[in-house]
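Chemist: Here is what each chain is made of, one letter per residue.
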Amino acid sequence: MAKDGPTPLERFIQGILPENPVYRQLLGMCPTLAVTGNMKAAMTMSGAVLFVLLGANLMVSLIRGLLKPHLRILVFTLTIAAFVTVADKFIAAYMWEMSKELGPYVPLIIVNCIIICRCEVCASKQGPVAAAADAVGQSLGFALALASIATVREVLGSGTWFGIDLGWRAAAYDNYKLVLMALPPGAFITLGLLLGGANWMASARRRRRPQA
Amino acid sequence: MPVAPGPHIGTGRTTRRVMIDVLLGLVPVFAAACWVFGWYALMQVGICVASCLAAEALFTAMRRRPVSLGDFSAVVTGVILGLSMPWRCPVHVDVVASFVAIGVGKVIFGGLGHNIFNPAMVGRAFVTIAFPALLGAGGYLYTGSGTPPTDVVTAATPMTVAKHLAAGKAGQVAGLWPLFLGNVNGSLGETSALACLVGGLYLCIRRTAAWQIPLGAVLAVAVIAGVGNLLHPQAQWTVLHHLLGGALLYGAFFIATDPVTSPLTPRGKFIFGAGMGALVMVIRTYSGYPEGVQFSVLLMNATVPLLNRWTVPRPVGGPVPAPKAQA
Numbered sequence: 001m002a003k004d005g006p007t008p009l010e011r012f013i014q015g016i017l018p019e020n021p022v023y024r025q026l027l028g029m030c031p032t033l034a035v036t037g038n039m040k041a042a043m044t045m046s047g048a049v050l051f052v053l054l055g056a057n058l059m060v061s062l063i064r065g066l067l068k069p070h071l072r073i074l075v076f077t078l079t080i081a082a083f084v085t086v087a088d089k090f091i092a093a094y095m096w097e098m099s100k101e102l103g104p105y106v107p108l109i110i111v112n113c114i115i116i117c118r119c120e121v122c123a124s125k126q127g128p129v130a131a132a133a134d135a136v137g138q139s140l141g142f143a144l145a146l147a148s149i150a151t152v153r154e155v156l157g158s159g160t161w162f163g164i165d166l167g168w169r170a171a172a173y174d175n176y177k178l179v180l181m182a183l184p185p186g187a188f189i190t191l192g193l194l195l196g197g198a199n200w201m202a203s204a205r206r207r208r209r210p211q212a
Numbered sequence: 001m002p003v004a005p006g007p008h009i010g011t012g013r014t015t016r017r018v019m020i021d022v023l024l025g026l027v028p029v030f031a032a033a034c035w036v037f038g039w040y041a042l043m044q045v046g047i048c049v050a051s052c053l054a055a056e057a058l059f060t061a062m063r064r065r066p067v068s069l070g071d072f073s074a075v076v077t078g079v080i081l082g083l084s085m086p087w088r089c090p091v092h093v094d095v096v097a098s099f100v101a102i103g104v105g106k107v108i109f110g111g112l113g114h115n116i117f118n119p120a121m122v123g124r125a126f127v128t129i130a131f132p133a134l135l136g137a138g139g140y141l142y143t144g145s146g147t148p149p150t151d152v153v154t155a156a157t158p159m160t161v162a163k164h165l166a167a168g169k170a171g172q173v174a175g176l177w178p179l180f181l182g183n184v185n186g187s188l189g190e191t192s193a194l195a196c197l198v199g200g201l202y203l204c205i206r207r208t209a210a211w212q213i214p215l216g217a218v219l220a221v222a223v224i225a226g227v228g229n230l231l232h233p234q235a236q237w238t239v240l241h242h243l244l245g246g247a248l249l250y251g252a253f254f255i256a257t258d259p260v261t262s263p264l265t266p267r268g269k270f271i272f273g274a275g276m277g278a279l280v281m282v283i284r285t286y287s288g289y290p291e292g293v294q295f296s297v298l299l300m301n302a303t304v305p306l307l308n309r310w311t312v313p314r315p316v317g318g319p320v321p322a323p324k325a326q327a
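Just so you know, the protein sequences line up as chains A and B, in that order.
Residues in the first sequence are numbered consecutively from 1, following the numbering used here.
Residues in the second sequence are numbered consecutively from 1, following the numbering used here.
Derived from the structure by calculation, the hints contain no laboratory data.
These numbers were taken from a predicted model, which means no experiment stands behind them.
One or more hints might be untrue.
[Said to hold, decoys possible] Stretches of chain B that chain A covers, calculated by requiring three or more beta carbons in the stretch to come under 8 Å of a beta carbon on chain A: (1) 88-100; (2) 127-133.
[Claimed, not checked] To list a few chain A residues with every Cβ distance to chain B over 10 Å, as calculated: (3) Phe51; (4) Gly159; (5) Phe162; (6) Ile164; (7) Asp165; (8) Arg207.
The C-beta atom is built at its ideal place from N, Cα and C for all residues, glycine as well.
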């Protein structure tokens, strides 16, 4: 195998922070906004994405020699759809409450652009090892982004984290709960502020090391 | 302020002068609030102004911009926000509203003159949704034991009563005279129609506020409520109740007339005001909220760029310029 593209380790590290799918590539905004009301939903979604991305990346990487350029997106989508169906049925079978809460967002992983993007950028060009490392790295980056948003929203909006009471939730606390943060507007506000913070940190790092 | 085609002539009107004018216009409203709610009015407005100034100082420092407290725009935001609060609103709600108003409503867009939504209403809408228990109908009622600070706070707000009546429940409609003078429960600044009219007319005469906006809003409400009145002649909540009750006059004169977030042209201003009035009536009649001035103003703020393109004025003697093609 000729050395083409980044090594598996580079792929893995790139996905977590330098090319974070949410904060750096702005992909997968739909689940990012929709299922980050609490940590449980966000982590279930991250797990489903990890499974689908890993499966799709490996499969596409194995059949990359057979791909025809004009049909490749179709093949990607069908491959992803197969894994999404497995994930959807699994969640419905073993986590019925969570399946109801996530609603259409599990089937919608099919059109999650993170996965099509990784199939296109990495899996259709590199071997299975690099593709798997890429899938895990990108999924971890996605999980990290979802966790950061869900933490802010769940703590401010419900006073809990992973459904666990944070201790300061006396009856009077109801007066301090920012219900808005658990509602859709809270997702936009949190994402915007965290995205601004991520950009600010990136530009601060660039200022310190101009050549990097 | 209307912006006409050139040539232009400079005047001494500075942002600071305009903002002081708005504060002068708010004096009767504040006085009425103090008369109705006593020290609570001073407390709410004081907390909101102090938090708005703190937020402005903090966020402009974060952006490394020169301190802009001297132009009084944050003070105006604070006073308008404070006067839109219920009398017994807890301190943390005021502080959250002020920081959201200045931070998310203004500084994040680049500061005064760049914001697309009215900052005070961004803050007010945020806490309305974030703390439904504290800013809903219950947030206006006196619940403690002992003597209430003033008599009005023991009764539901007139707008809540109107909502109950519309739902077929019993309720005592506020008289027109108390609604006019302001001797009813409600948000601090909205209760007195008289004070809003006095302060608002001062702003219109000083040309600090464009008269087209309140005129459009009042006309729209009068027409829509008038039609409703004709259809239901036996209704207890009449056109005059719609005009005098709630935050319509306060919003039309002091909130919607913010020069940054209202259209540039006179025709655009009138349409802006009329749209706001119509939305107020829609929200009052069909939504779960008893009053809808804050959401109407925010929705109409979003249409301002469209209104500006729609109402491009004709230069003297020239043809109507075609709006610039969208890339």
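Chemist: If a hint holds in the structure, say so; if it does not, say that too.
Modeler: These are the hints, each one checked on the structure:
Judged by the Cβ-Cβ criterion of 8 Å, the stretch 88-100 of chain B is covered by chain A as claimed, because 3 of its residues qualify and three suffice. Counting residues of the stretch 127-133 of chain B whose beta-carbon sits less than 8 Å from any beta-carbon of chain A gives 5, enough to reach three: the coverage restraint holds. Against the 10 Å criterion, Phe51(A) stays outside the reach of chain B, whose nearest CB is about 35 Å from its own CB. Gly159(A), annotated as away from the interface, keeps every beta carbon of chain B farther than 10 Å; the closest lies near 13 Å.
Distance check for Phe162(A) against chain B: the nearest CB is about 22 Å away, which clears 10 Å, and the non-interface claim stands. Listed as outside the interface, Ile164(A) is consistent with that label: its C-beta sits roughly 22 Å from the nearest C-beta of chain B, beyond the 10 Å cut-off. With a least beta-carbon separation of about 19 Å from chain B, Asp165(A) lies farther than 10 Å from that chain, consistent with its non-interface assignment. Every CB of chain B is more than 10 Å from the CB of Arg207(A) (nearest about 13 Å), matching its label as outside the interface.
Consistency note: the structure conflicts with none of the earlier hints.
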